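Trainee: Sequence:
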Amino acid sequence: MDKSKWIPLNDIKDDEEIWAGARVRLYDVGLDTTEKEKDYYEFIISYIYDNNDYLQLTNLTTGKAGYVTFVLEKDLPNNFGLGKTLKYLLGLENAYIKFEFE
Numbered sequence: 521m522d523k524s525k526w527i528p529l530n531d532i533k534d535d536e537e538i539w540a541g542a543r544v545r546l547y548d549v550g551l552d553t554t555e556k557e558k559d560y561y562e563f564i565i566s567y568i569y570d571n572n573d574y575l576q577l578t579n580l581t582t583g584k585a586g587y588v589t590f591v592l593e594k595d596l597p598n599n600f601g602l603g604k605t606l607k608y609l610l611g612l613e614n615a616y617i618k619f620e621f622e
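If you're matching positions, the sequence shown starts at 521 in this note's numbering and goes up one per residue.
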C-alpha cells in the first residue's frame, strides 16, 4: 500500500496502527465551494497533553483550524489508535487517510 497518497478509509485494515502525525480528510462536508474536490475538512492526528487514553483530530481547514472535532481512543497500552476505531469514529463514506511516515 502506498502510504504517501490519500487512501480511502475503507481500504485500511482494522488492525492498522494509526499514529499521531497521520492526516485525515472528510469530503462532502457542505462548504460553500463550487469545486467539489475542495469540499473537505482536513485533520491531523496528534497527542493530547496529559491524556494517555486518546488522540485528537485537530482541524487544519481554513476558518476551522485548531478545532478539535474528534478524539480517537488509543489501543492501550500502545500509543496508537486502530483502523477499526477510526472507521467507527468517522464512518467509511468520504473519509481518507494519509500517513506521513512509513
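Errors might be hidden in some of the hints.
[As the list claims (entries may be wrong)] List time: in silico DSS-like cross-link candidates among lysine-lysine, alpha-carbon distance up to 27 Å:
| hint | residue 1 | residue 2 |
| --- | --- | --- |
| 1 | K618 | K558 |
| 2 | K618 | K525 |
| 3 | K607 | K525 |
| 4 | K584 | K594 |
No lab work stands behind these hints: they were computed from the structure.
None of these values were measured; they are calculated from a predicted model.
Trainee: Take the hints in turn and mark each one as holding or not.
Mentor: Evaluated hints:
1. K618 x K558: holds, 16 Å
2. K618 x K525: The given pair, whose Cα atoms are some 6 Å apart, holds under the 27 Å limit.
3. K607 x K525: Satisfied, since the Cα-Cα distance of roughly 18 Å is no more than 27 Å.
4. K584 x K594: holds, 25 Å
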